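Using the sequences and the hints, build the whole thing.
These protein sequence lines map, in sequence, to chains L and C. The first sequence begins at 2 in my numbering and counts up by one. The second sequence begins at 75 in my numbering and counts up by one.
Wrong hints could be hidden among the right ones.
What the hints assert, rightly or not - Pairs of lysine to any residue residues, derived as SDA-like cross-links and limited to a Cα-Cα distance of at most 20 Å, are as follows:
id, chain 1, residue 1, chain 2, residue 2
1, C, K110, L, G252
2, C, K206, C, E166
3, L, K245, L, G229
4, C, K206, L, E49
5, C, K206, C, A176
6, C, K206, L, D247
7, L, K226, C, Q223
8, L, K245, C, K206
Just so you know, the hints here were simulated from the structure itself, not pulled from any lab data. Bear in mind the structure is a predicted one, so any value in this text is a computation, not a measurement.
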Amino acid sequence: MSRGGATLALALGFFLGAGAAAAASPEELARGELLFHIGGCTNCHTAEGGPLLAGGDPLETPFGRFYAPNITPDPETGIGRWSEADFLRAMREGRSPSGAPYYPAFPYTSYAKMSEADLRALKAYLDTIPPVRRPNREHELGFPYNVRWGLLLWQWAFHDPAPFRPDPTKSEAWNRGAYLVLGPGHCAECHTPRTWYGALDDSRAFAGGRLGKEVIPNITSDPEKGIGRWTAGDLRGLLVIGIKPDGDFVGGDMAKVVRNGTAKLPEADREAIVEFLLSLPPR
Amino acid sequence: MRGKWFVAIGAVLGAPMILGVASAQDPIKARQAEFKEFGKRMGAIKDTVIDKKGGTLADVAGHAEYLAGKIPQIPSWFPEGSDKGETRALPEIWLNFADFEAKAKNAQGLAQALVVAAKSGDQAATAQAFGKLGQEGCGGCHQPYRRPQN
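This is the structure in structure tokens:
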């Protein structure tokens with residue numbers, strides 16, 4: 002092959018490669034959109050009344066105030082320059098493209114459980130969001146939480162980047178529900194209490210507690226403290242429309258989770274979540 | 075003769091006692107009973123619209139009419155000072171009473187919209203109007219003006 006031919010082949014290969022990365026199939030985009038909804042991206046990354054995913058309202062936590070950044074494809078202020086590998090790394094390892102560790106207020110601790118195919122589909126969908134130029138705000142954190150390198154230690158000690166592993170003794174629907182709840186849905190990030198060092202307390206999984214000003218309910222099958230007396234219909238009503246068994250509606254952040262997430266799921270996925278949640282051991 | 079006196083005395087003494095019971099009835103307990111009924115009605119609408127287990131759209135319209143009729147009374151159920159006691163009502167209600175009233179008015183409109191949707195016979199529109207009433211109508215006050223449950 003002549004040198005010119007090789008260059009042409011190389012250029013063509015580059016072109017095709019870039020083309021393949023940019024053009025996701027409609028099925029992949031649809032899957033990415035579903036993951037975008039259940040992932041609740043907009044709940045933190047969009048300010049009330051602000052442009053989609055261009056940065057969120059403050060998230061109050063016991064560790065300080067976080068501002069979720071702009072994740073639109075804007076190249077300057079958003080994630081427009083991120084490669085797919087950058088995105089995978091952020092979602093699984095909680096590291097920025099330059100290697101800086103993220104605070105676990107960004108729930109990569111749950112997103113790490115997502116499959117690679119799902120993460121790629123989500124990135125493809127995010128690439129279709131209109132880019133918005135909007136600079137990020139610094140988090141407002143007190144000592145010692147404002148010491149970023151401390152996060153490296155935290156990640157080393159507490160972050161398990163293993164993907165979700167289905168339980169072969171359980172039904173397919175249960176496993177699908179478990180995946181959605183534990184992975185993209187990141188329900189445990191609020192519904193499981195944290196230890197003083199900010200890691201989820203697995204011995205109290207889904208037992209609720211307090212988060213900032215919000216009281217987080219226990220969603221285990223404990224009949225007194227949890228939702229052990231709820232029927233599948235009760236839980237369905239909550240996930241579809243936000244209604245509780247007493248006819249009241251969920252408020253605050255959970256109202257957003259329902260509106261932007263669980264209400265938009267296909268019925269089979271919602272039923273899978275119901276099956277999984279009703280099986281949570283009482284705590 | 076004597077018997078009549080007793081009846082008369084009983085009536086004179088008894089009437090204020092009965093009135094006394096009604097007027098001394100705590101506004102907190104009274105409104106909680108009203109809201110409990112709201113919850114029952116909302117639950118019945120959910121059974122029909124979301125769970126599809128009994129009830130017709132005509133029943134839904136009936137419940138929504140009840141709610142639309144009652145909701146305008148809500149501000150009158152919150153006399154000043156009735157945040158003291160066993161209640162989740164926050165003092166912010168009385169600091170922003172005009173807003174509280176405006177939110178009740180908004181909820182009333184959403185209940186009326188549910189009546190219209192249910193009467194039209196359109197299932198999807200009814201479900202949507204129901205969600206809006208719950209999230210924005212009820213939620214409109216429950217989020218800023220009610221203490222979270224412990």
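Each hint tested on the structure:
no. : hint               : verdict
1   : C:K110 with L:G252 : holds (18 Å)
2   : C:K206 with C:E166 : violated (24 Å)
3   : L:K245 with L:G229 : holds (13 Å)
4   : C:K206 with L:E49  : holds (18 Å)
5   : C:K206 with C:A176 : holds (16 Å)
6   : C:K206 with L:D247 : holds (17 Å)
7   : L:K226 with C:Q223 : holds (12 Å)
8   : L:K245 with C:K206 : holds (15 Å)
Figure legend: structure checked against the earlier numbered hints; the only hint not met is number 2.
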